[in-house]
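Those sequence lines, one after another, are chains A and B. According to my numbering, the first sequence is numbered sequentially starting from 1. According to my numbering, the second sequence is numbered sequentially starting from 1.
Calculated from the structure, these hints are not laboratory results. Positions of the beta carbon are idealized from the N, C-alpha and C atoms, including for glycine. Be aware that one or more of the hints could be misleading.
To be verified - A few chain B residues that don't get close to chain A, going by computed Cβ distances all over 12 Å:
{"hint": "1", "residue": "G53"}
{"hint": "2", "residue": "G136"}
{"hint": "3", "residue": "R148"}
{"hint": "4", "residue": "A155"}
{"hint": "5", "residue": "I194"}
Claimed, not checked - Chain A regions said to be covered by chain B (calculated; three or more residues, Cβ under 8 Å):
{"hint": "6", "stretch": "10 to 24"}
{"hint": "7", "stretch": "44 to 57"}
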Amino acid sequence: MIEVDARGFSCPIPVVKTTQALDGHPGKPVIVLVDSEVARENVSRLARSRGYSVKVEQVLDGYRLQLAPAGK
Amino acid sequence: MAISSRITIILAGLIFGALGSLLVEWGNPGNMGICVACFYRDIAGALGLHRVGVVQYIRPEIIGFVLGAFISAYGFREFRARGGSSPMVRFFLGAFVVIGALVFLGCPIRALLRLAGGDLNGITAVAGLILGAVIGILFLKQGFNLGRSSATKRANGWIVPVAMLALLLLAIFPPGFIFESEKGPGATHVALWIALLAGLVVGILVQRTRMCMVGGWRDLFLIKNTHLFGGIAGFFVGALLLNLILGHVSWGFEGQPVAHTNHLWNFLGMVLVGLGSVLLGGCPLRQTILSGEGDTDAGMTVLGFFAGAAFAHNFLLASTPDGPTDFGQVAVIVGLVFAMSVGFLMRDRT
Numbered sequence: 001m002i003e004v005d006a007r008g009f010s011c012p013i014p015v016v017k018t019t020q021a022l023d024g025h026p027g028k029p030v031i032v033l034v035d036s037e038v039a040r041e042n043v044s045r046l047a048r049s050r051g052y053s054v055k056v057e058q059v060l061d062g063y064r065l066q067l068a069p070a071g072k
Numbered sequence: 001m002a003i004s005s006r007i008t009i010i011l012a013g014l015i016f017g018a019l020g021s022l023l024v025e026w027g028n029p030g031n032m033g034i035c036v037a038c039f040y041r042d043i044a045g046a047l048g049l050h051r052v053g054v055v056q057y058i059r060p061e062i063i064g065f066v067l068g069a070f071i072s073a074y075g076f077r078e079f080r081a082r083g084g085s086s087p088m089v090r091f092f093l094g095a096f097v098v099i100g101a102l103v104f105l106g107c108p109i110r111a112l113l114r115l116a117g118g119d120l121n122g123i124t125a126v127a128g129l130i131l132g133a134v135i136g137i138l139f140l141k142q143g144f145n146l147g148r149s150s151a152t153k154r155a156n157g158w159i160v161p162v163a164m165l166a167l168l169l170l171a172i173f174p175p176g177f178i179f180e181s182e183k184g185p186g187a188t189h190v191a192l193w194i195a196l197l198a199g200l201v202v203g204i205l206v207q208r209t210r211m212c213m214v215g216g217w218r219d220l221f222l223i224k225n226t227h228l229f230g231g232i233a234g235f236f237v238g239a240l241l242l243n244l245i246l247g248h249v250s251w252g253f254e255g256q257p258v259a260h261t262n263h264l265w266n267f268l269g270m271v272l273v274g275l276g277s278v279l280l281g282g283c284p285l286r287q288t289i290l291s292g293e294g295d296t297d298a299g300m301t302v303l304g305f306f307a308g309a310a311f312a313h314n315f316l317l318a319s320t321p322d323g324p325t326d327f328g329q330v331a332v333i334v335g336l337v338f339a340m341s342v343g344f345l346m347r348d349r350t
């Protein structure tokens with residue numbers, strides 16, 4: 001499983017790291033860890049705009065976002 | 001959800017832009033209803049950090065931005081005390097961003113307000129801002145970041161809001177050591193409570209919508225996303241509409257309020273602002289808002305804004321309506337070299 005740990009990074013670094021992960025592994029699900037509302041919103045928006053579904057799970061120190069390519 | 005947040009940020013931009021125009025109608029300087037860099041400069045002057053008599057005034061708008069963000073962040077359970085992401089670098093980037101803005105005579109917000117008032121020098125400024133943002137994106141794509149921040153004790157996050165409350169008290173009950181301009185832009189201002197109220201409204205709107213006057217351009221080019229740009233567009237349209245209604249629009253390059261027409265240095269000053277802001281993660285307004293949400297790194301950036309504003313006037317870096325100064329041109333070059341070095345040296349090796 002591809003995991004991006006973007007906790008502690010401020011806008012726009014989580015989005016940059018997620019973009020690189022999506023580009024690097026087309027068609028694969030990606031997990032992104034973030035620790036702020038803003039990062040959760042930004043990464044979710046990015047993923048949806050690229051056709052991924054987003055499942056948000058609240059964890060101890062932030063959010064765990066499961067990005068899955070459409071249709072899988 | 002996506003559609004409603006999109007409409008919200010455009011509406012917030014419209015309201016914010018309209019306020020930018022109305023504040024001029026109610027008493028702020030021409031095309032300067034809101035200018036984050038200029039207002040930090042005025043507060044630095046009021047505190048005696050520089051002694052240029054025409055730009056000294058505790059601008060309650062800035063206080064409102066921080067307190068509005070603080071209230072909003074608490075109300076929506078988003079206040080998080082955090083810090084430790086290259087505070088020193090942020091301090092200097094903040095200082096250079098304000099210096100770049102004061103060579104142009106406006107932050108990214110005032111660049112749009114100037115354009116919405118017919119000041120065509122705003123075009124050069126926005127072009128510079130975009131180029132600066134694009135250079136910043138190149139660094140981002142190569143793995144640039146200022147490092148992770150971590151959670152810290154809650155009280156750390158209160159320092160900037162409490163300092164702003166103290167500034168508010170100094171504004172309401174000014175002791176003898178506070179300077180206040182008797183003429184010039186520093187003496188041109190709306191009533192304290194109007195400025196504070198406008199600042200609070202903007203603080204809440206920007207905290208909720210994450211609006212950013214540099215982030216909008218950045219996301220447009222970096223991830224082809226127009227969400228944040230909606231805020232910029234809304235802001236410009238709101239300001240332009242109100243200016244047209246109020247008769248504040250006068251098209252041209254020459255004779256614009258608090259402005260000069262040196263295109264090269266307007267452009268380069270704003271390249272520095274765009275680049276510095278992308279490296280920092282947001283424009284001066286956004287940094288101000290974050291400093292109210294518990295982000296102590298943004299708090300360091302805010303201190304950098306004050307320092308940069310003080311240097312800008314103590315060292316004669318800030319432009320005048322006659323144009324940029326020699327020292328100001330050197331400072332922009334030094335700032336660009338500093339920002340590019342930061343962008344280059346602070347990449348993750350992967």
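Hints and how they fare:
1. G53: Since the minimum Cβ distance to chain A is about 38 Å, G53/B lies beyond 12 Å and the statement holds.
2. G136: 10 Å, violated
3. R148: 3 Å, violated
4. A155: 19 Å, holds
5. I194: Answer for I194/B: holds, closest chain A Cβ roughly 30 Å.
6. 10 to 24: holds (count 7)
7. 44 to 57: Our answer is that it holds, as 4 residues pass the Cβ test (under 8 Å) against chain B, meeting three.
When held up to the earlier numbered hints, the structure conflicts with 2, 3 and fits the remainder.
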